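S.K.: Below, each chain spelled out in residue letters.
4 protein chains.
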Amino acid sequence: MKNSFGTSVTLTLFGESHGPMLGAVLDGLAPGLELDEGFIARQLGLRRPAGRISTARREADEFQIVSGLFEGHTTGTPLTILIPNADARSRDYAATRALPRPGHADYTAYMKYHGFEDYRGGGHFSGRVTAALVAAGAVCIQALRTRGIWIGTHVARCAGIADRDFGADWKADFALLENEAFAVLDPAAGEAMRTAIEAAARDGDSVGGVLETAVLGLPAGVGEPWFDTLEGLLAHGLFSIPAVKGVEFGAGFGLSELRGSAANDAFFMDGDTVRTRTNHNGGINGGISNGMPLLYRCAVKPTPSIYKTQQTVDMLRGTDAELSLRGRHDPAIVHRARVVVDSVSALVLCDALALRYGTDWLARQEAEGRR
Amino acid sequence: MKNSFGTSVTLTLFGESHGPMLGAVLDGLAPGLELDEGFIARQLGLRRPAGRISTARREADEFQIVSGLFEGHTTGTPLTILIPNADARSRDYAATRALPRPGHADYTAYMKYHGFEDYRGGGHFSGRVTAALVAAGAVCIQALRTRGIWIGTHVARCAGIADRDFGADWKADFALLENEAFAVLDPAAGEAMRTAIEAAARDGDSVGGVLETAVLGLPAGVGEPWFDTLEGLLAHGLFSIPAVKGVEFGAGFGLSELRGSAANDAFFMDGDTVRTRTNHNGGINGGISNGMPLLYRCAVKPTPSIYKTQQTVDMLRGTDAELSLRGRHDPAIVHRARVVVDSVSALVLCDALALRYGTDWLARQEAEGRR
Amino acid sequence: MKNSFGTSVTLTLFGESHGPMLGAVLDGLAPGLELDEGFIARQLGLRRPAGRISTARREADEFQIVSGLFEGHTTGTPLTILIPNADARSRDYAATRALPRPGHADYTAYMKYHGFEDYRGGGHFSGRVTAALVAAGAVCIQALRTRGIWIGTHVARCAGIADRDFGADWKADFALLENEAFAVLDPAAGEAMRTAIEAAARDGDSVGGVLETAVLGLPAGVGEPWFDTLEGLLAHGLFSIPAVKGVEFGAGFGLSELRGSAANDAFFMDGDTVRTRTNHNGGINGGISNGMPLLYRCAVKPTPSIYKTQQTVDMLRGTDAELSLRGRHDPAIVHRARVVVDSVSALVLCDALALRYGTDWLARQEAEGRR
Amino acid sequence: MKNSFGTSVTLTLFGESHGPMLGAVLDGLAPGLELDEGFIARQLGLRRPAGRISTARREADEFQIVSGLFEGHTTGTPLTILIPNADARSRDYAATRALPRPGHADYTAYMKYHGFEDYRGGGHFSGRVTAALVAAGAVCIQALRTRGIWIGTHVARCAGIADRDFGADWKADFALLENEAFAVLDPAAGEAMRTAIEAAARDGDSVGGVLETAVLGLPAGVGEPWFDTLEGLLAHGLFSIPAVKGVEFGAGFGLSELRGSAANDAFFMDGDTVRTRTNHNGGINGGISNGMPLLYRCAVKPTPSIYKTQQTVDMLRGTDAELSLRGRHDPAIVHRARVVVDSVSALVLCDALALRYGTDWLARQEAEGRR
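Chains as they are written, first to last, in this note's numbering: chain A, 2 to 372; chain B, 2 to 372; chain C, 2 to 372; chain D, 2 to 372.
Source of the hints: derived by calculation from the structure; they are not laboratory data. One thing to keep in mind: the hints can contain errors.
One copy or any two copies: either way a pair holds, since identical chains are not told apart in the list.
[Claimed, not checked] In the SDA-like style, the derived pairs of lysine to any residue whose C-alpha atoms are separated by at most 25 Å in a straight line are:
1. Lys309 with Gly319
2. Lys309 with Asp187
3. Lys309 with Met270
4. Lys172 with Gly319
5. Lys309 with Arg260
6. Lys309 with Phe269
7. Lys309 with Gly168
8. Lys309 with Asp166
9. Lys172 with Ala322
10. Lys309 with Arg148
11. Lys172 with Ala197
Owing to the predicted nature of the structure, the values given are computational and were not obtained by experimental measurement.
Modelling step: build the complete structure from the supplied sequences, incorporating the hints.
M.R.: This is the structure we're talking about:
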């Protein structure tokens with residue numbers, strides 16, 4: 002499916018950067034989930050550009066839930082969230098219509114849609130569309146939490162600077178990240194990263210980074226042996242996030258450098274529970290969750306919109322050309338992409354769990370007392 | 002879908018390592034493709050364990066096409082390939098039934114299937130199932146070649162040793178790989194890798210590696226902006242391959258270390274064609290092919306089956322236990338996984354192309370003169 | 002998929018009868034289709050209750066296209082249509098919350114959603130949701146017409162009164178139906194039907210009917226042999242329409258009474274074209290279009306909302322109960338369902354054609370001259 | 002999906018009438034279902050041509066389960082059933098290759114597959130493929146029975162002769178049908194039908210009929226409000242059955258003749274259970290099961306293969322032509338299609354139930370005691 006994802010729980014995205022609004026339709030979620038709209042607003046806030054290291058574009062991100070919510074609970078029918086586009090300055094883009102921006106989707110959109118695409122501000126390819134994804138993801142995250150499943154993502158690397166790894170006390174680490182616009186576990190690393198981002202911004206340039214995600218509380222036995230492996234499903238979703246160019250699970254590419262005796266995760270009994278002493282496989286064996294935390298990383302490329310003059314082509318004239326971007330652009334988006342990773346992860350897991358345990362599972366406790 | 006993949010061109014896999022046979026049903030492929038069964042046999046040969054660095058299990062991999070082929074051409078109806086299991090020694094596995102092998106799917110299969118899974122030799126999770134995938138992939142590869150689309154994969158890293166990169170002359174490089182069981186571009190690197198694999202084997206251990214794939218000839222404009230991005234579709238398929246724990250496109254994780262000015266691929270006119278001077282984005286912008294070669298890498302973990310004694314649990318007794326594997330195991334599978342990567346890639350691309358251009362596109366020339 | 006339909010061209014519906022709005026997301030449609038919004042408005046007008054034989058609820062059906070349309074043409078990205086709910090009187094429904102209406106979805110919605118459903122006016126089950134379906138269908142109908150494919154539906158039976166069959170001059174018959182709120186081929190039959198509907202209304206009762214649809218211009222060779230037969234796809238969509246309880250193709254149930262020699266449609270050459278002398282199979286053999294007009298009928302049950310006192314249960318008390326409906330209800334919806342049948346048909350055919358011929362096919366001519 | 006059906010439980014069909022074998026891959030079924038292979042054989046026996054009113058082709062229908070079954074129980078991984086084609090006389094068909102049979106898929110297959118289709122005996126379109134469907138359906142039927150869900154179908158009409166309706170004692174009626182090759186509730190009606198079939202056979206002609214199905218024990222709350230309504234899902238599957246040209250639920254087309262006061266099914270309390278006094282809606286309201294028996298009918302057209310001379314075209318010469326069929330053909334298939342209807346119904350319901358209640362639900366009791 003083109004702009005939809007999922008089998009039992011599905012998400013459909015629509016909207017363009019400079020159209021009247023963006024939106025998401027989330028279908029198949031259990032009825033009876035009590036929804037905290039404030040949490041959706043906070044998640045949108047974490048995605049929103051803010052402060053000295055972000056685009057000057059201001060997005061209020063007011064959202065409206067127009068279906069699927071009744072008396073504060075999900076109904077089980079499609080839940081639709083609309084997000085109006087308030088501050089879209091179309092005039093910034095028209096001048097460079099014929100000049101595809103390097104690293105962006107301008108050229109490929111043209112080749113796919115034959116010039117009929119809404120090119121303004123990236124149109125349907127804009128990172129702005131992730132606002133709708135984050136709003137829907139915030140619903141999924143709430144659904145998972147009712148079942149004791151928690152997702153946390155931090156900026157593990159940015160501009161060559163590394164954050165510390167997740168520690169043994171996951172809950173404490175997740176609490177650190179919960180409402181932090183620049184989510185790192187080590188504040189000093191975060192400060193160094195922001196300084197590096199500012200340096201890039203002064204150069205009219207941008208930086209990328211790596212996001213690391215952990216999922217706690219996922220039951221063992223979720224995922225499929227072929228094709229719909231948990232890794233395949235998560236990666237499918239994560240590569241939708243603009244700028245993600247790599248996904249690895251557990252030790253990932255590093256695992257390929259180890260010998261088997263070092264790579265294998267030994268099992269042991271922890272009381273009645275089977276656990277592994279290491280987690281090089283990121284909580285997934287044979288495509289299926291093993292009850293250990295999921296652990297994976299996304300490589301986020303540097304923002305392609307930079308102020309330095311770049312080489313491109315003039316699509317109308319068929320000649321080489323130079324491009325100098327104006328407008329408002331982020332020198333880094335890795336920290337803003339964090340909440341998008343959480344959202345996609347939550348969507349994928351809600352879907353896998355609903356398939357495994359049935360459509361009511363994610364809100365079962367709440368659903369049982371009704372009427 | 003659980004053991005199926007694809008939207009317009011779909012593949013369904015079935016079979017267990019120690020059952021009577023494996024199989025694949027490939028549906029939706031264009032009618033009228035003239036099939037070279039010898040090519041299927043050669044691809045199976047490249048996957049088959051052979052020589053001093055592979056398991057002693059001998060698989061003849063005789064295959065039979067039982068539907069969808071008529072008078073040497075695909076019919077357009079489901080094409081089914083069966084591969085009998087000849088040399089399966091079930092007695093090797095029964096003794097360790099209760100002891101899940103670290104790094105394998107034994108434990109997760111048990112948690113998913115409640116002990117009803119066919120556990121012998123990994124059952125449906127066995128790498129042996131990739132034989133069916135390779136046979137079907139060989140059909141897809143032939144379909145792509147009729148349209149001038151070529152896929153090549155080499156062992157880019159193994160046991161810490163690097164092969165050289167693809168050169169400017171893709172065709173020459175692809176020719177080097179075509180029938181090579183241990184596919185490297187630099188023979189000296191290949192020899193060093195094999196030596197390292199043998200060293201690991203002598204230690205009762207195993208090694209992993211990285212596979213790098215290039216796709217030439219793919220038209221620009223294939224893929225979708227959200228969810229069904231070309232990266233997402235390929236990664237979804239590639240993570241199905243047992244032991245793949247990371248996938249990156251273009252410069253991938255390395256891209257996250259660059260600044261935007263270095264990461265962006267500048268456009269230029271090459272005659273009438275728009276091309277990019279570098280290819281850090283791996284031929285994909287905004288999820289859609291840009292006409293440059295696709296380039297991506299898969300991290301392959303070391304074979305989990307090793308002869309060293311490992312820590313595990315006894316599922317029947319609920320106690321810690323030790324496991325000493327016997328049987329026949331590969332000290333490395335990265336070179337054998339190469340042809341599986343090609344096969345998955347071909348399947349994903351056939352599907353994306355059929356969706357874009359219609360079901361007949363992949364064999365259109367041949368189909369036109371019939372009757 | 003729950004509230005979505007289609008593989009290459011997909012439609013997702015959302016909204017409840019008494020929520021702020023309804024909507025439809027239409028994805029996968031070819032870029033470059035020039036859209037006539039007036040046609041959408043006219044189609045909505047045909048669905049809208051009007052005149053002496055309809056509910057007194059007045060729906061302006063103002064709609065807004067909020068994505069996927071740029072400079073008057075489809076972009077190829079998701080096209081979203083919103084329809085606000087203006088005149089919803091929720092107070093009519095609250096009193097009878099615990100009393101499921103016979104023939105309605107009140108009881109089954111409760112069993113599925115555990116009482117969390119928005120029960121007001123049928124909520125997401127309301128026929129009102131078909132307004133979104135009709136708006137999206139109007140886009141699909143326009144796409145088909147650019148390829149010379151036309152759909153026409155008439156009220157073949159209502160309250161025991163039969164309209165005449167389609168005649169040899171399809172175009173003339175389709176022109177009769179195009180903007181007719183009560184679509185019949187024989188005006189006298191239509192007048193008799195309306196009189197019968199009024200009689201039922203005076204009794205506080207309702208009537209049903211049969212809709213007959215013809216599709217002209219569909220190429221031969223569309224559909225699949227198993228499961229995604231053209232009949233199966235169309236029926237799947239058509240049974241979504243509230244009140245449709247039967248679907249038959251060609252002579253349908255009547256065909257089961259014939260002998261083979263009478264039922265088979267003899268082929269003959271009509272110039273260079275293969276045609277059949279009769280069309281008992283409704284233009285479909287083996288699940289695939291044969292180039293003759295598609296012909297099918299939908300049975301529409303009488304509106305379940307009637308003013309006569311009915312037996313039901315009190316869900317809160319667990320006792321038998323009586324129900325006397327108030328509010329505004331149609332004594333017949335068969336004539337209003339006509340345009341819904343056209344819409345579903347258009348959606349199904351756009352999807353089947355896009356799968357067969359590629360995503361650009363439906364607007365190819367227009368797309369070619371762009372930029 | 003082309004030759005696949007289902008979302009959580011999926012079936013893929015392959016094979017041609019005159020190829021080496023047919024087959025079915027059933028994926029997603031719960032692990033731990035104890036399988037009675039004798040039941041599969043008996044179901045195949047009910048589909049098999051036999052006796053004086055069937056084709057002389059003899060099909061042993063020996064089947065082999067080659068995956069997904071281990072120690073007598075389903076494993077939860079794809080269950081594959083192969084059925085060899087033993088008695089296929091290809092020479093009967095070659096002579097009339099260029100002459101498409103009226104009422105068959107010969108012509109449409111040619112238009113879809115451009116002449117590359119295996120035309121022998123209908124190839125992939127052959128009713129013979131339903132043997133694979135019946136074998137897989139027999140597995141689904143067993144799964145449903147572990148949950149107390151039973152399906153029964155009888156020949157409600159044939160050659161103008163009506164069987165009696167289902168009575169109040171469903172179990173007794175289902176027992177009558179269980180192993181009956183010509184499934185009627187009234188033996189005298191059955192005898193009259195067979196006599197009429199013989200009369201048609203003597204004329205070189207064929208007859209059709211109507212199959213009526215009841216499903217008992219289905220919980221309320223299964224199905225979706227739009228698109229994946231229970232009616233839509235069942236009809237989608239049922240129209241796959243060759244020769245089915247109409248599907249109606251409950252009173253179906255007859256319902257369209259009633260007034261609402263007669264059509265609505267009044268609710269009442271039957272102890273603690275909500276039931277309806279009549280069942281004109283066939284156990285489905287708003288697309289969702291209401292706990293009453295499902296009731297639906299399929300119109301089966303007369304076998305298109307008849308011995309009378311028919312008008313057709315010569316595809317090679319582009320001229321009109323006459324066709325006189327030889328070979329072995331059924332004067333009626335309605336009684337043989339009965340078990341195909343049961344099989345499709347079981348597949349659709351297993352899928353809907355697995356989606357609703359999770360993948361393990363259909364064999365949960367059995368699965369719990371394992372290991």
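S.K.: If a hint holds in the structure, say so; if it doesn't, say that too.
M.R.: Hint check:
no. : hint               : verdict
1   : Lys309 with Gly319 : within (22 Å within a copy, 63 Å between copies)
2   : Lys309 with Asp187 : neither (32 Å within a copy, 38 Å between copies)
3   : Lys309 with Met270 : between (57 Å within a copy, 20 Å between copies)
4   : Lys172 with Gly319 : neither (56 Å within a copy, 28 Å between copies)
5   : Lys309 with Arg260 : between (44 Å within a copy, 11 Å between copies)
6   : Lys309 with Phe269 : between (55 Å within a copy, 17 Å between copies)
7   : Lys309 with Gly168 : neither (40 Å within a copy, 30 Å between copies)
8   : Lys309 with Asp166 : neither (34 Å within a copy, 30 Å between copies)
9   : Lys172 with Ala322 : neither (52 Å within a copy, 31 Å between copies)
10  : Lys309 with Arg148 : neither (48 Å within a copy, 39 Å between copies)
11  : Lys172 with Ala197 : neither (29 Å within a copy, 42 Å between copies)
In this structure, the hints that do not hold are numbers 2, 4, 7, 8, 9, 10, 11, in rising order.
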